[in-house]
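Here are the chains, one letter per residue:
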Amino acid sequence: MNARSKKYVRRFLIALSLVFVGLFLVLPLVFVFTEAFSDGISAYLEYISDTYTQRALLLTVEATLIAVVVNTFFGLFAAWVLTRYRFPGQKLLTTMIDIPLSVSPVIAGLIYILCFGRSSPLYGFILRCGTPVVFAVPGIVLCTIFVTFPFISRELIPVLNARGTDEEQAAALLGAGGWTIFRRITLPHIKWPLLYGIILCTARAMGEFGAVSVISGRLRGLTNTLPLHIEILYNEFKYAPAFAVASVLVVMAVVLLLIRCIVEYQGRKKEQ
Amino acid sequence: MSSKREKRRSKHILPGFGLSLGITMSMLSIIVIIPLLSLFWGGTELSWADFISIISRGRVLAAFRVSIVCSFIAALFNLFMGLVLAWVLVRYPFPGRKFVDGLIELPFALPTAIAGMTLASLTADTGWVGSLFARFGIEIAYTRTGIVIALIFVGIPFVVRSVQPVLEQLDPVYEEAAGMMGASRCTTFFRIILPELRPAALTGFALAFARGLGEYGSVVFIAGNQPYETEIAPLMIMAQLEEYDYGEATAIALVMLGIAFVMLFVVNGIQLRARRRTNA
Chain A
1 MNARSKKYVR RFLIALSLVF VGLFLVLPLV FVFTEAFSDG ISAYLEYISD
51 TYTQRALLLT VEATLIAVVV NTFFGLFAAW VLTRYRFPGQ KLLTTMIDIP
101 LSVSPVIAGL IYILCFGRSS PLYGFILRCG TPVVFAVPGI VLCTIFVTFP
151 FISRELIPVL NARGTDEEQA AALLGAGGWT IFRRITLPHI KWPLLYGIIL
201 CTARAMGEFG AVSVISGRLR GLTNTLPLHI EILYNEFKYA PAFAVASVLV
251 VMAVVLLLIR CIVEYQGRKK EQ
Chain B
1 MSSKREKRRS KHILPGFGLS LGITMSMLSI IVIIPLLSLF WGGTELSWAD
51 FISIISRGRV LAAFRVSIVC SFIAALFNLF MGLVLAWVLV RYPFPGRKFV
101 DGLIELPFAL PTAIAGMTLA SLTADTGWVG SLFARFGIEI AYTRTGIVIA
151 LIFVGIPFVV RSVQPVLEQL DPVYEEAAGM MGASRCTTFF RIILPELRPA
201 ALTGFALAFA RGLGEYGSVV FIAGNQPYET EIAPLMIMAQ LEEYDYGEAT
251 AIALVMLGIA FVMLFVVNGI QLRARRRTNA
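Protein chains in written order, with the working numbering: chain A, 1 to 272; chain B, 1 to 280.
These are calculated hints, taken from the structure and not from any lab test.
Being a predicted model, the structure only gives us computed values, none of them experimental.
Possibly wrong hints are sitting among the right ones.
As the list claims (entries may be wrong) - To spell it out: a stretch of chain B is covered by chain A in this simulated footprint if at least three of its residues, at any positions, have a beta carbon under 8 Å from a beta carbon of chain A; those stretches are:
(1) 109-118
(2) 192-201
(3) 215-222
Stated by the list, open to error - Derived DMTMM-like pairs: lysine to aspartate or glutamate, alpha-carbon spacing no greater than 20 Å straight-line:
(4) A:K191 x A:E167
(5) A:K7 x B:E175
(6) A:K7 x B:D50
(7) B:K98 x A:E264
(8) A:K238 x A:D39
(9) A:K191 x A:D166
(10) A:K270 x B:E168
(11) B:K98 x B:E168
(12) A:K6 x B:D125
(13) A:K238 x A:E46
(14) A:K269 x B:E168
(15) A:K238 x A:E62
(16) A:K269 x B:D50
(17) A:K238 x A:E35
(18) A:K269 x A:D166
(19) A:K191 x A:E264
(20) A:K191 x A:E271
(21) A:K6 x B:E175
(22) A:K238 x B:D125
Unchecked claim - Far from chain B, some chain A residues (derived; all Cβ distances over 10 Å):
(23) R10
(24) D50
(25) V61
(26) L114
(27) K270
Positions of the beta carbon are idealized from the N, C-alpha and C atoms, including for glycine.
Required output: the full structure, derived from the provided sequences and hints.
As C-alpha cells, then:
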C-alpha cells in the first residue's frame, strides 16, 4: 500500500470517528441546551428555580454525597485488604465487589424492595424503628450506594498492586502504625486515582435512574430525585422544563468530565 | 496459642488486616450480599413449575429476545466503532483529539435518563435527525432501531477504554518489521495488530453487551415499549413491580442475574487467558 492510499485511509478513519462522535456525543449535548432555552432565558430560570425542582436537586445532592462518602470509605478499606495481604478467598471477594457493575439497576431496586419491603421478614423490625426504607429516602440512598459500590476500589486496586508493598513493609518494620503508614506512604501514591474514582462515583450517583425509580415511589417533593423529576416533566410533555432541569445535570456531568481530564493529566505528570 | 498468633503475625507484616477485612466484609454483606440473597429467598417461594411458566410466557420471552438481540447488535457495532475510535485516538494526531478523547466518557457521566430522552427527541420523526430519515420512510425512535441506538451510546466507552491502553503499549517494531518484509498495511493489521488487541476488544464487547442487557434509563424513552415488539427485559420487571407482582418480577430478575453472572464469568475468563498468554 503506497503512501497516498495510506493518507486516504487515515483521513477516512478520522472522518468516520468525527462523524460518530458528532452524531452520538456532541449533538445530544447541543440539543439539550437548545431545547432548554427554547422558551427564553427568563422561562429557563423559572423552570430551574421551581420548588419541586429545588427539592429534587437537594435530594439528589444528599444521596450523592452520602454514596460518595460511604463508597470512598469502603473503597479504601477494600483496596487495602485486597492488595496488602494474601488470604484465602481473595479472588472471590474481588469478584463479589464487582457484582453491582453487572447487575441491572432495575434488579438493584428490586432486591432492596424484597429485602426491606412488606414481604420481607425484616419488615416488622423496620416498622418498629420508624424509618421506612422502601418508597423513602433511605431506600434511594441505599440504591445509589449499591450502583456505585465498586467504583472507588476498582480504581485503587490496580495502582496499589503495581506499587507493591515494599515501602509499607519497611515502614511497618521501622515501627510505624497502620494509620501512619496509610497516611504518609499509601495515600500520596493513590491520591489521583482516588480522586478519579470519586469523580466517577459522583457522576454515576447523581444520574442514577433505574434503581432509584424502582424504590422511590415518586412522591413529588419528598422522594423525587432530579432524574425522576425530569422523567415526570418529560412524560407530561413539558419538554422545555424537562430539558431545562436536565441541563443542570448535564452541566454537572460536563464539569465532572473536565475535572476528570485535569486529574488524569496531573496524575500522568506526577508519574513522569 | 502464642505460637499460632506468632505465625499469623508473620504472615501479615502490615498491621490492620482484621480491621480492614472486617469493614470490607460487613459493608459488602449489608449492601450487596444480603439484598441479593433476598432475591433467591424470594425465588424459593415460587415453585419450579411457576418459575418456568412465568419465564416462558410469550411476552416475557419476547422481551428477553429483544434485549439480547438489540444488545448484541449494539455491542457488535461498538466493537467495530470502538476499534476505529481507539485507533484514531492513539495513532493519528489531529486537532481536537484531546477533546474527542475526553468526550468518549460522556455516556458514563451523563445521566442515562437524560441520554434516553435526548436520543428519543432527536430521532423522533419530527426531530433533527429523525426527520431526515423519515423522508426515506425509516423510523428510528420507538422501534428496535431506537433501542440499538441508545445501547450504542451507552456501550461505546467500554470498548474504546478497553482497547486504548493496549494499543498505546503496542510496540511498533513488529509492524515495522512486517512492513520491511513486504507485508501490506492490511496484512499487518489483521496478522500483527488485531491478535494483540483481541482480548481487550472482546472484554470491551462483553462489557458493552452486559451493560446493554441491563440498561433501563436510556432505553425506556426511545423504545416505545410495545409488548412483543419493543419491550425490554428490565422493563418487564418494572411492569410487574408496578402491579406489585413481586413473584413474577423475581423470576425474571433471576434469569437476568443468571445471564449477568455468565457474562462476568466470560469477561474474567478472557482476561485470565490474555494474562496467561502474555506471561508465557
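* Unmet hints by their number, sorted upward, for this structure -> Of the numbered hints given earlier, those the structure breaks are 2, 6, 12, 15, 16, 18, 23 and 26, listed in rising order.
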